[in-house]
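Asker: Single-letter residue listing:
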Amino acid sequence: MSFLRELLLRFRWLLGRSRFNSELADEIQFHIESRAAELEQAGIPSGEALSKARREFGSRRRAAEDTSSAWQIQWLEDLFSDLRYAARAFRRNPGFAATAIFCLALGIGANITIFNVTTSFLFSEPSARDSASVIAIWEGGNSGSSLTDYKFLRDSHVFDSTAGINVEREVNWRAGDQTSRLYAGVVTDDFFTTLDVPFLLGRGIAPRETDTAVLSYGAWRGKFNGDLAILGRKLVLDGRIFTIAGVLPANHRSIVGFAISPDVYLPVTRDEDVVQFYARMPKGMTMPMARAQLLSVFGQLDRIHPKEGWKRTNQVRVTGVTGFDVLNQEIPGGVAAFFAMLMIVVGLVLLIACTNVAGLLLARASSRSHELAIRLSLGATRRRIIRHLLAESLLLCALGSVAGLVIDIACAMIIDKVTFPLPIPIHPVISPDWRLLWYSFGAVLVSALFCGLLSAAKSVRRDVNQALKQEERQTGHAWDLRSVLVAGQLAASIVLLTAGLLFVHNLLRAASSDPGFDVHHTIWAYMRLVPERYTDADQNKQLAVVHSALEQLRVLPGVDSVAITRRVPLNDNCVIGTALRTDVSATPLQVSYECNDVGPDYFHTIGTPILRGREFSVADRKSSQPVVIVNETLARTVFGKVDPVGHTIKSDLTGAETQLIVGVAKDSKYFTLGERQRLAVYQPYFAYRQPVNLHFLIRTSSSPAGYAKPISDILGRLDPTAAIETKPMSQALGLALLPSQAGAVMLGAMGILGLLLAAIGLYGVLLYSISRRTREIGLRVALGATPFDVLRIIGRQSLALVASGMVVGLTLAFFATKPLTLFLIPGLSTFDPGAVLAVMGLLGAVAVLATLVPAIRALRIDPMTALRYE
Amino acid sequence: MPEDSPRFLPGTLYMLILRTLSAGPLHGYAITRRIKQCSADVLDVEEGSLYPALNRMLLKGWLRAEWGTSETNRKVRFYKLTKEGQNQLASEANDFDKLVKAIQLVMRTA
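So the protein sequences, as listed, match chains A and B.
Numbering-wise, the first sequence is residues 1 to 870 according to my numbering.
Numbering-wise, the second sequence is residues 1001 to 1110 according to my numbering.
Hints in this document: simulated from the structure, not taken from any laboratory.
Worth double-checking, as some hints may not be accurate.
Below 27 Å or equal to it, Euclidean Cα-Cα: the simulated BS3-like pairs (lysine-lysine) are [what the hints assert, rightly or not]: (1) Lys666/A with Lys223/A; (2) Lys52/A with Lys1075/B; (3) Lys234/A with Lys223/A; (4) Lys541/A with Lys622/A; (5) Lys52/A with Lys1036/B; (6) Lys666/A with Lys622/A.
Here's a subset of chain A near chain B, in silico, CB distances under 10 Å, partners left out [claimed, not checked]: (7) Arg5; (8) Arg19; (9) Ser22; (10) Glu23; (11) Asp26; (12) Ile28; (13) Ser34; (14) Glu38; (15) Glu56; (16) Gly58; (17) Arg60; (18) Glu65; (19) Ser69; (20) Ala70; (21) Trp71; (22) Trp75.
Ideal Cβ positions, reconstructed from N, Cα and C, are used throughout, including at glycine.
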């Protein structure tokens, strides 16, 4: 305790330092005057008394300094003076400082940014009070279950409180005479109170409310101009009126995770709605206990409301909602693998930055051995010198970290503005992660301190006299730590660059690959109807809209054909796994296939040829014979060499109904451009009940530019409450290209960053080591070596360094890129000779440049000058 | 300072200051004067070491500094003993007593 109090007193002194000094001077003055007065009383003349008193006191300055030093925190004083000294040293050598800080800033900045994006997608803590006691519940292994089940669980009172949410909703928002589509999340009325979500304005949806809404920060800013008086305003959503009750804060992270952020939250009302269950466990309850209780509740539900072929008690899971627990939920394997790879890449970049700085420090320390020797001989202690060198490392790391943080904040601001071309509302909340900043700073600091110490120890251990007489000279065989660092750095950046180039290659290949349909002459018009307006049992009202839309669009000038489809390929898919029976074989075949419901003229409009048989026509409807069109791959897999047209199929889903195959369509891509060829079955659009989401495809005879407006106008006139979005198909490939685009951008950027850092490191080290040999070069020239001889000797050293780095790097890259196949278009080899050559060429050029520049400079110097050169 | 004045035993300056202040708060100059008087002019505190010592004692919490007015009507710092200072004085005086007795014992009997 007394130590703490002392420290506190010392800091207080530090703050009031100048006042303390003047008070002390006063006190000493008073002391001297008092003594003088005493002497005067003893009979000494006044002038003499004062000077005698002063002599007696001795040096006032010394007394003041001694007194101050009683208060000083010695190490802090020393640190400050060392830092001041380091800053002066950097000002004298700005090139060195700038390079080192630049390297660190890039390494740290990139590192934090990517880490932040990753955590905000995967491990972010949701906005909820005490989220450790909140669990996600998977009834029967499903992510969502009916509201009926939800109410049963809620009323069982197993948990303190429960919450249900479904973020996969859309609503039409009518404002004035404009209708647009919003991403909606429907929540149970106890959702916001259960999680205790913080609000920016107002409050959440309260129990038993059915007509209140909560806005996300993004929607509030983007669609309502951040109106502060928004609470209480009415919103017309899908024809119903909602009152805005609250606005979520900018840093809101939904409980669902993965940066999913709907524009608006509404109360769930219909019993058949599906929600994901969350619950807050009472104090003392653990997840296994919660699971045991849930099993009994779901068992009761199974008895009361049995469901065919599905037991609620099967695969019941309970997971946490924070950190790594989120990964225990359903997570697309590809996403996790992608981020894992990214983390490795980021680690490599940080490693390169660290080695760069380490190399720079080592070079600097050995070039300063002369200076250090002078200071040693002038009486500086070894400890003091080592401390100076460490202070320099510390200052470098601090400046580099600050610059890295600036880069990170800039990147976060850019990412905040980006809208992801995805059919789900994704908006990551990126906040600087201090833990990571400390980690990066620590990693950099350790490497800098290590190298600083190493070189410092080396320079202070040497005999002062010898160091004063001659500088350290480097001769040909220098496989010292610095060279190892550079070779290692080269290797790491080759791995990065190879991976980056591979993704760029993949992107190019994917972008130019044939999706199996024409994206250059087709327009996609998405019309979402308000479900409440089309509630008639046989969907006649909705069908009337579809038919008039098709008729009116067809007669638009320049329109070649129009079709309706339930799903637009590469944007939405539906996979069915079932046992397929045919009339050619007695045994059913277990298959998994893509399914879609398409209208007449679909294949002509989208540009996928029908190879055999026919397209659907207006005659294929509910009452007519059930027909299907299959793709080539399904025909080949199921029917072999037999022409499937005229044969029938039957699946578990169609029940007793057999479907006649009327056509075979050419294969195309269904969900991603990189997917392996899949099986597909198309059914007639008008033969089945369809959702209110209408997707029209329009084929134009010329470029589709300029058609969006007239198409939207036609559709808008048919139903002003419908939300309409029209865009060329070429713009609708976003989702399909996203993985390779993201990969190409990220890894490409990191690869270039790595290359840049490695080039700086390589250049710096070669430049340095050759300039150290100026004297040797002069000697050789004086002894008759030709410039060619000199270049050969020097070149051999650089070459050995670069070649060994490259061999290690290429070997590593060969193995490290193997697992990347997961993200690549099938058939694209991870070994890309072009990329290898490009990488080698680039680094080779840097090496040549870094060797030639100083060598030529050394050769130009007059041998006599070079011999004297130190 | 007389040439033949005995040097302070190491570590005794604190104890003497503490003892001097146990009668009541004094300012720096008064402390030297009091020590000199009480030792019959034998002990003369070197001014250069008085103020560092006082400040170290402030830092240790044995003393507290307060502003007051001197006999000559000047504003000056008075040093006052704290509870901790009193304890420190007691223990130091006790130790010192033992030490002196022990030394005397050796000087007489050895």
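Asker: Now, for every hint given, state plainly whether the structure supports it.
Answerer: Hint check results:
1. Lys666/A with Lys223/A: The given pair, whose Cα atoms are some 43 Å apart, is violated under the 27 Å limit.
2. Lys52/A with Lys1075/B: holds (24 Å)
3. Lys234/A with Lys223/A: holds (14 Å)
4. Lys541/A with Lys622/A: holds (16 Å)
5. Lys52/A with Lys1036/B: Distance of about 18 Å is within 27 Å: holds.
6. Lys666/A with Lys622/A: holds (26 Å)
7. Arg5: holds (6 Å)
8. Arg19: violated (13 Å)
9. Ser22: This interface hint is violated because 12 Å lies over the 10 Å limit.
10. Glu23: holds (7 Å)
11. Asp26: holds (8 Å)
12. Ile28: holds (7 Å)
13. Ser34: Holds - the Cβ of serine 34/A comes within 10 Å of chain B, reaching about 4 Å at its closest.
14. Glu38: holds (8 Å)
15. Glu56: For glutamate 56/A, the interface hint holds, since the closest Cβ of chain B sits about 7 Å away, which is under 10 Å.
16. Gly58: holds (5 Å)
17. Arg60: holds (9 Å)
18. Glu65: holds (9 Å)
19. Ser69: holds (7 Å)
20. Ala70: holds (4 Å)
21. Trp71: With a minimum Cβ separation of about 6 Å from chain B (threshold 10 Å), the hint on tryptophan 71/A holds.
22. Trp75: Tryptophan 75/A check fails; min Cβ-Cβ to chain B is 16 Å, beyond 10 Å.
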